[in-house]
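Colleague: Sequence:
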Amino acid sequence: MSTIQYCHPDDIMLEKREDGHLLNPRHRTGDTTDLTLSAQAANGRLIVPLLLYRNEAGQLVAGDGQRRIAAARKLGIQVPYIEIEAQPTNGAVSEGGLDSLDIMLVSNVRQEFPPLVLDREGHIVGGLAYAVRTKTRQGKSTMAIARLMGMKTDRSVKLLLSLFEAPLNVRQAIAAGRMSLHAYEGIRHAAQAEQAEVVAVIEAKAEADEEIQITRDKVRRAARNVQASRQPTLVTNDEPTIVQQLNEIKARLEAILTAGPLGLREQYVVEQIKEMLT
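Heads up: the sequence shown at position 194 corresponds to 194 in our numbering, and the numbers run straight through without jumps.
Some clues are possibly wrong.
FRET-style restraints, in silico, Cβ to Cβ [to be verified]:
#1 Glu-185 - Val-243: 36 to 46 Å
#2 Lys-74 - Glu-203: 29 to 39 Å
#3 Glu-275 - Ser-141: 45 to 55 Å
#4 Ala-228 - Gly-76: 50 to 60 Å
#5 Gly-177 - Glu-275: 47 to 57 Å
The set of hints was computed from the structure by calculation and includes no laboratory data. For glycine and all other residues, C-beta sits at the position ideal for the given N, C-alpha and C.
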């Protein structure tokens, strides 16, 4: 499988029809602000590689990707590309039926591309998570994508997709490289509020001049502390306070019984708990 290569955008020719117009007029350059911001967020790299082929003169030619090329020129950065053997039939898909996102995943370039790239509002606009979701929206199953990436299960694919539901501070930590996907997996199934609190707790404990690294162990410890802090407690040596708290609990149970209707099993459980507190 072809590997990711880089070249200067000025070294790429745009494919044209016989009349001299671009092959894909619907993909005219237009506004490149979003792509420019995405590249800046990714440490000066474009996220999705171009599919390029060589013409008879040996020059690299792009049938698609004019906006990405324009954004790269604007930033003065190199362009990632995958060289294919033949001219794409529609400017976007190779002879084998794979588009640039497919090949990006097939090429096993997970070390080349970050899990996600965010825009100014914190939305995911690039990276592997973006590529995976794009493919699912095109009709590919998570298992099919996993096979493209050389994986036996779709666990990692689902993990990448779950980033779209993650809280903003979690996405920011991953995008900045402070938190790995392995660490995020430890709180993936927690509620959004709990995920956000876990990351906030870890970052709050870091010294101002310390480079924050949110590891799996830190996530586990912080998650335990967060869960413990959310549990009701009767820890007190003051007997009147204990009695008051118990009476409040019994009052709540009585309210549950009178609010009804409860099933026989639920009613039995509530009555048993109330009796234990008497």
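Colleague: Determine for every hint whether it applies to the structure shown.
Modeller: Each hint, compared with the structure:
A hinted range of 36 to 46 Å for the beta carbons of Glu-185 and Val-243 is consistent with their spacing of about 45 Å. Against the hinted window of 29 to 39 Å, the Cβ-Cβ separation of Lys-74 and Glu-203 comes to about 33 Å, which satisfies the hint. At about 52 Å, the beta-carbon gap between Glu-275 and Ser-141 stays in the expected band of 45 to 55 Å. The hint said 50 to 60 Å for the Cβ distance between Ala-228 and Gly-76, and at roughly 51 Å that hint holds.
Distance hint check for Gly-177 and Glu-275: the Cβ-Cβ separation is about 55 Å, which falls inside the suggested range of 47 to 57 Å.
The earlier numbered hints are all upheld by this structure, with none contradicted.
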